[in-house]
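Student: Sequences are here, hints too, so could you generate the full structure?
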Amino acid sequence: MANPPVEEIRALVGHSFPGGTYTIAHWENFLLTDCTGAEPLPDDLAHPVALFHMPILGAGTSIGEMFGLGQADSGVSIGIESYEWKFFQPLREEQPYDITGKITEADRKEEGKRTFDRIRFQFDLHEADGSPVARSTVTWHYNRRSE
Amino acid sequence: MTIETGFEIPPWDMPSVSPDRMKTMAAILRDPYPVHWDPRVVEQIGLGKRTINQGPLGLSYMINMLHDWTGIGSIKRLRMTFPLPVFQDDHIIARGQVTEVRVEDGKTVADCDIWLDRDGEDKPLVGTATVSLDELSA
Numbered sequence: 001m002a003n004p005p006v007e008e009i010r011a012l013v014g015h016s017f018p019g020g021t022y023t024i025a026h027w028e029n030f031l032l033t034d035c036t037g038a039e040p041l042p043d044d045l046a047h048p049v050a051l052f053h054m055p056i057l058g059a060g061t062s063i064g065e066m067f068g069l070g071q072a073d074s075g076v077s078i079g080i081e082s083y084e085w086k087f088f089q090p091l092r093e094e095q096p097y098d099i100t101g102k103i104t105e106a107d108r109k110e111e112g113k114r115t116f117d118r119i120r121f122q123f124d125l126h127e128a129d130g131s132p133v134a135r136s137t138v139t140w141h142y143n144r145r146s147e
Numbered sequence: 001m002t003i004e005t006g007f008e009i010p011p012w013d014m015p016s017v018s019p020d021r022m023k024t025m026a027a028i029l030r031d032p033y034p035v036h037w038d039p040r041v042v043e044q045i046g047l048g049k050r051t052i053n054q055g056p057l058g059l060s061y062m063i064n065m066l067h068d069w070t071g072i073g074s075i076k077r078l079r080m081t082f083p084l085p086v087f088q089d090d091h092i093i094a095r096g097q098v099t100e101v102r103v104e105d106g107k108t109v110a111d112c113d114i115w116l117d118r119d120g121e122d123k124p125l126v127g128t129a130t131v132s133l134d135e136l137s138a
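Quick mapping for you: the protein sequence lines, in order, are chains D and B. Using the working numbering, the first residue of the first sequence is number 1, and each one after it goes up by one. Using the working numbering, the first residue of the second sequence is number 1, and each one after it goes up by one.
Honestly, I wouldn't trust all of these hints.
Claimed, not checked - Heads up, simulated PhoX-like pairs for lysine-lysine below, C-alpha to C-alpha not over 25 Å straight-line:
1. D/K102 with D/K86
2. B/K76 with B/K123
3. B/K49 with B/K23
4. D/K102 with B/K76
5. B/K123 with B/K49
6. D/K86 with B/K123
7. B/K76 with D/K86
8. B/K23 with B/K123
9. B/K107 with D/K86
10. B/K76 with B/K107
Think of the hints as simulated: they come from the structure by calculation, not from any bench.
Tutor: Right, here's the structure in full:
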């Protein structure tokens with residue numbers, strides 16, 4: 001499979017996901033927290049690791065769609081550059097959050113013999129009154145064949 | 001307790017990374033990447049026969065370390081990179097060290113280097129964190 005044209009990758013900048021609302025259910029937070037090896041958190045607090053999947057699903061997309069937007073050969077061709085999370089207030093279960101998401105950077109890179117497309121996604125969470133809750137920035141590398 | 005640059009955060013121990021937890025996590029995340037739940041796929045790409053932990057799960061070990069130290073709700077920022085995969089059955093210890101103590105928006109915060117330590121041999125996850133020290137026990 002040939003590499004996608006670089007113009008198609010660069011054209012992803014500005015792509016917005018539909019957006020929407022996401023509520024972390026109690027059962028979901030309980031299982032998520034258990035996966036981390038921690039005890040359940042008090043006072044309806046959600047484990048901060050929810051800031052990975054909650055924005056993606058709440059923005060109306062999915063990990064699979066994000067792979068597809070960058071024309072990944074397969075899941076195994078994806079590498080993580082970084083996850084950056086900012087918390088303006090703690091996350092809580094059973095609390096609806098308004099979520100938006102977009103692609104802020106997309107370009108082809110070469111490092112030595114390695115060629116990859118670097119795509120950055122940004123997701124923002126707000127309360128219904130507009131108060132900021134958190135921001136998640138996901139930067140992935142879509143590994144390509146050297147040409 | 002006075003926190004100063006160089007302070008070593010009390011470590012947090014994950015004695016054995018569980019493949020069952022990876023499966024639960026994959027379902028919660030709706031993560032279709034099979035290396036987290038199908039060891040045959042891991043073998044096909046030449047990384048052995050153990051499933052690969054989700055990146056956010058490795059990050060969560062460091063969150064647990066920070067919670068135990070500065071309290072739940074204390075985390076302001078995290079940035080994480082993933083130089084090496086974490087595999088099922090790995091013994092992982094989350095560690096960290098304070099690099100600066102400063103005031104931000106009227107609150108005392110600590111900037112920290114944080115990482116996962118695998119058997120004292122390598123660091124599969126490396127990052128930084130900023131936490132509020134206001135809830136820290138005296």
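Student: For the pair supplied as a hint, B/K76 and D/K86, confirm whether the alpha-carbon distance does not exceed 25 Å.
Tutor: Holds, at about 6 Å.
Student: Taken at face value, is the distance from the CA of B/K76 to the CA of D/K102 at most 25 Å?
Tutor: holds (22 Å)
Student: With the threshold set at 25 Å, check whether the alpha-carbon distance from B/K23 to B/K123 stays at or below it.
Tutor: holds (24 Å)
Student: Check whether the Cα positions of B/K49 and B/K23 lie no farther apart than 25 Å.
Tutor: Holds. B/K49 to B/K23 sits at ~16 Å (cutoff 25 Å).
Student: Is the Cα-Cα distance between D/K102 and D/K86 25 Å or less?
Tutor: holds (16 Å)
Student: Tell me if the straight-line CA distance from B/K123 to B/K49 falls inside 25 Å.
Tutor: holds (20 Å)
Student: Between B/K76 and B/K107, does the CA-CA distance stay at or below 25 Å?
Tutor: holds (11 Å)
Student: Between B/K76 and B/K123, is the straight-line Cα distance small enough, at 25 Å or below?
Tutor: holds (23 Å)
Student: Does B/K123 sit within 25 Å of D/K86, going by the straight-line distance between their CA atoms?
Tutor: This hinted pair holds, its Cα atoms lying about 23 Å apart.
Student: Given the hint that B/K107 pairs with D/K86, does the C-alpha gap stay at or below 25 Å?
Tutor: Holds, at roughly 16 Å.
Of the numbered hints listed earlier, not one is contradicted by the structure.
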